[in-house]
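We have chain A; now place chain B onto it with these hints.
Here's the letter readout for the chains.
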Amino acid sequence: MTAASSALPSTAAPLPRQKSGGAKRVLPGFNLTLGYALFYLCLIVLIPLSALVFKTFTLSWDQFWTAVASPRVLASYRLTFGASLIAAIVNLFGGLLVAWVLVRYDFPGKRIVDALVDLPFALPTAVAGISLTALLAGNGWIGQFLEPHGIKVAFTPAGVVIALIFIGLPFVVRTVQPVLEDTEKELEEAATSLGATRWQTFRLVILPSIMPALLTGFAMAFARAIGEYGSVIFIAGNMPMVSEITPLIIISKLEQYDFAGATAVALVMLLISFVMLLVINGLQGWQRKRSGGTS
Amino acid sequence: MSGGATALRGSVRRAQAGTTESRLVRWLLIGLALAFMGLFLVLPLAAVATEALRKGLGAYLEALREPDAWAAIRLTLITAAISVPLNLVFGVAAAWAIAKFEFRGKAVLTTLVDLPFAVSPVVAGLIYVLVFGAQGWLGPWLAAHDIKIIFAVPGIVLATIFVTFPFIARELIPLMQAQGTDEEQAAIVLGATGWQTFWRVTLPNIKWGLLYGVILSNARAMGEFGAVSVVSGHIRGQTNTMPLHVEVLYNEYQSVAAFAVASLLAILALVTLVIKSVIEWRHEREMKALADLPPERPTAGAAAA
Numbered sequence: 007m008t009a010a011s012s013a014l015p016s017t018a019a020p021l022p023r024q025k026s027g028g029a030k031r032v033l034p035g036f037n038l039t040l041g042y043a044l045f046y047l048c049l050i051v052l053i054p055l056s057a058l059v060f061k062t063f064t065l066s067w068d069q070f071w072t073a074v075a076s077p078r079v080l081a082s083y084r085l086t087f088g089a090s091l092i093a094a095i096v097n098l099f100g101g102l103l104v105a106w107v108l109v110r111y112d113f114p115g116k117r118i119v120d121a122l123v124d125l126p127f128a129l130p131t132a133v134a135g136i137s138l139t140a141l142l143a144g145n146g147w148i149g150q151f152l153e154p155h156g157i158k159v160a161f162t163p164a165g166v167v168i169a170l171i172f173i174g175l176p177f178v179v180r181t182v183q184p185v186l187e188d189t190e191k192e193l194e195e196a197a198t199s200l201g202a203t204r205w206q207t208f209r210l211v212i213l214p215s216i217m218p219a220l221l222t223g224f225a226m227a228f229a230r231a232i233g234e235y236g237s238v239i240f241i242a243g244n245m246p247m248v249s250e251i252t253p254l255i256i257i258s259k260l261e262q263y264d265f266a267g268a269t270a271v272a273l274v275m276l277l278i279s280f281v282m283l284l285v286i287n288g289l290q291g292w293q294r295k296r297s298g299g300t301s
Numbered sequence: 051m052s053g054g055a056t057a058l059r060g061s062v063r064r065a066q067a068g069t070t071e072s073r074l075v076r077w078l079l080i081g082l083a084l085a086f087m088g089l090f091l092v093l094p095l096a097a098v099a100t101e102a103l104r105k106g107l108g109a110y111l112e113a114l115r116e117p118d119a120w121a122a123i124r125l126t127l128i129t130a131a132i133s134v135p136l137n138l139v140f141g142v143a144a145a146w147a148i149a150k151f152e153f154r155g156k157a158v159l160t161t162l163v164d165l166p167f168a169v170s171p172v173v174a175g176l177i178y179v180l181v182f183g184a185q186g187w188l189g190p191w192l193a194a195h196d197i198k199i200i201f202a203v204p205g206i207v208l209a210t211i212f213v214t215f216p217f218i219a220r221e222l223i224p225l226m227q228a229q230g231t232d233e234e235q236a237a238i239v240l241g242a243t244g245w246q247t248f249w250r251v252t253l254p255n256i257k258w259g260l261l262y263g264v265i266l267s268n269a270r271a272m273g274e275f276g277a278v279s280v281v282s283g284h285i286r287g288q289t290n291t292m293p294l295h296v297e298v299l300y301n302e303y304q305s306v307a308a309f310a311v312a313s314l315l316a317i318l319a320l321v322t323l324v325i326k327s328v329i330e331w332r333h334e335r336e337m338k339a340l341a342d343l344p345p346e347r348p349t350a351g352a353a354a355a
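Which chain is which? The protein sequence lines are A and B, in order.
So in the numbering used here the end of the first sequence lands on 301, straight run, no missing numbers.
So in the numbering used here the end of the second sequence lands on 355, straight run, no missing numbers.
Simulated from the structure, these hints should not be mistaken for lab results.
Keep in mind that the hints are not guaranteed to be accurate.
To be verified - Taking lysine to any residue and the SDA-like style, the derived pairs with C-alpha atoms no more than 20 angstroms apart in a straight line are:
#  : chain 1 : residue 1 : chain 2 : residue 2
1  : B       : K338      : A       : E187
2  : B       : K156      : A       : F36
3  : A       : K116      : B       : F86
4  : A       : K116      : B       : A85
5  : B       : K338      : B       : W245
6  : A       : K116      : B       : T70
7  : B       : K198      : B       : G287
8  : B       : K156      : A       : L283
9  : B       : K198      : B       : W187
10 : B       : K257      : B       : I325
11 : B       : K198      : B       : A184
12 : B       : K105      : A       : N145
13 : B       : K257      : B       : W245
14 : B       : K156      : A       : L47
15 : A       : K116      : B       : K105
16 : B       : K326      : A       : V119
17 : B       : K257      : B       : K326
18 : A       : K116      : B       : S327
19 : A       : K191      : A       : T203
20 : B       : K156      : B       : P224
21 : B       : K156      : A       : F45
22 : B       : K105      : B       : N301
23 : A       : K116      : A       : L103
24 : B       : K198      : A       : I50
25 : B       : K156      : A       : V285
26 : A       : K191      : A       : V211
27 : A       : K191      : B       : R73
Next comes chain A alone, as it looks inside the complex:
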């Protein structure tokens, strides 16, 4: 690798993409790789997703509206969005705290803690669901202390929030961590020498520089929580109107062979996913601009 690169002119350093338009036809395989990528994308993602849209068009407007706006479905939107929002806010603060501690401080076992942050990405959601339920049920390790005080978490909307906090935990940590590592200590030193307290420095110097990353992580955790199914259904109790999430509505409509109804609700969820994807893309663009053009 070093031999190959030392034979090259050293013009294209950290920003190689902008100026290398001339490279276009030197490298082979453009048609093959792009063609295959598009073919596979259409086959696996785009054509099946379009089936959802076409199926919805077979519904009349009234049928569609009854399917997506019946009281039971509306209650599920409220729960899904409310619980996702609360969980994402908890992760916003918890994730910032964990990222801060991992970047700024040294303590024994730090590498293990750092590696463990990704557990929710690696642990199957069903496993997370049953173990959180076991912890929070009336006879569980945590539940046994809460239940005597009249606090029920498992099989209530509060349980949904707990599961969604677990699922979304890595997002804020992993988006904020690299940005926090790159912040310039000189700015903080300058702030301090100009008389700012540590808290003022954090609020006025550090926080603005990590804000795009923080919001990106928040949006990702929120988007993931909205679609989450596996971990939630075990702990939610799944009572209609109370603790029934929207993905479960789709499943139960399917089990009653109400394909049209399931499709209509799924289309609503898909549109929300699109919006969240655009929001996240916008936030990431903002962050790239903020960090000076390097991706």
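Quick look at chain B alone, frame taken from chain A:
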């Protein structure tokens, strides 16, 4: 001598005071962060282990010897063994096209690659039911030719491919973009074929990123629940993957058996995290080694940056 060292330490401490917090605040924050992580990450893991071993090691092993559990493990392995390589080929192809060339619609394509991450797993399962199910587009044709996709293994594999679709591509695209095209161009100019260039120049540069994407996509493939649940039909011993088998056992109040199978998945998750960390640490060391190179060989550092 010792006085000088103390003075030096004092000035270092004063210099740090501007950019860090008092010891009390520091330990308070560390404590809070560890408590947050312990509560949400360590306790659930510990609960899996305890619940699985509640009736002793004998009952645990007994639960894993069930034929249905074996069938679930086998199906999970097959599913991952098909879906991960397919997504690997796609990921490399997509990353090559997106990272090494300029073309119209590149930003759209990059967003579309990420799309499956944004879609709810349940919706992911549903779309395949709409295409291949009994009432779907291809349903009548498939029934006439006696091909089963939904409520059978092909449907499970398809749903798994969908949910793990972006992992490898998304890992490779930024990596290959950062590496640019200089090395590949040099290889081509020196007479290498496209394949030789890929195998000898590109692949060694991206191997860690590739492995990283593969293990993450494998973990998700083996652990997927929502999407697979919609298309599987939950036929015991036939179309139950490990996560679905956990659900079936759990709903039948076979808690020990459910947590026993779940513990295998938890071990898989931990192994994934270990491999992932090792890759990250290796990468960090390589970056540091490059940064420590003497300045008379600046191109090596620049190529890696």
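Going through the hints against the structure:
1. B/K338 / A/E187: 15 angstroms, holds
2. B/K156 / A/F36: The given pair, whose Cα atoms are some 13 angstroms apart, holds under the 20 angstroms limit.
3. A/K116 / B/F86: Since the Cα atoms of A/K116 and B/F86 sit roughly 14 angstroms apart, the hinted pair holds (cutoff 20 angstroms).
4. A/K116 / B/A85: Measuring from Cα to Cα gives roughly 14 angstroms; hence the hint holds.
5. B/K338 / B/W245: Violated, at roughly 31 angstroms.
6. A/K116 / B/T70: 18 angstroms, holds
7. B/K198 / B/G287: 17 angstroms, holds
8. B/K156 / A/L283: This hinted pair holds, its Cα atoms lying about 16 angstroms apart.
9. B/K198 / B/W187: 14 angstroms, holds
10. B/K257 / B/I325: Since the Cα atoms of B/K257 and B/I325 sit roughly 14 angstroms apart, the hinted pair holds (cutoff 20 angstroms).
11. B/K198 / B/A184: 9 angstroms, holds
12. B/K105 / A/N145: 16 angstroms, holds
13. B/K257 / B/W245: 16 angstroms, holds
14. B/K156 / A/L47: With Cα atoms ~14 angstroms apart, B/K156 and A/L47 stay inside 20 angstroms; holds.
15. A/K116 / B/K105: Measuring from Cα to Cα gives roughly 34 angstroms; hence the hint is violated.
16. B/K326 / A/V119: 14 angstroms, holds
17. B/K257 / B/K326: 13 angstroms, holds
18. A/K116 / B/S327: Cα-Cα ~12 angstroms, so holds.
19. A/K191 / A/T203: The hint holds at about 15 angstroms.
20. B/K156 / B/P224: 13 angstroms, holds
21. B/K156 / A/F45: 15 angstroms, holds
22. B/K105 / B/N301: With a Cα-Cα distance of about 19 angstroms, the restraint between B/K105 and B/N301 holds, given a limit of 20 angstroms.
23. A/K116 / A/L103: Given that 20 angstroms is the threshold and the Cα spacing comes to 14 angstroms, the pair holds.
24. B/K198 / A/I50: 18 angstroms, holds
25. B/K156 / A/V285: Holds, because 19 angstroms separates the two Cα atoms, which is no more than 20 angstroms.
26. A/K191 / A/V211: 10 angstroms, holds
27. A/K191 / B/R73: 19 angstroms, holds
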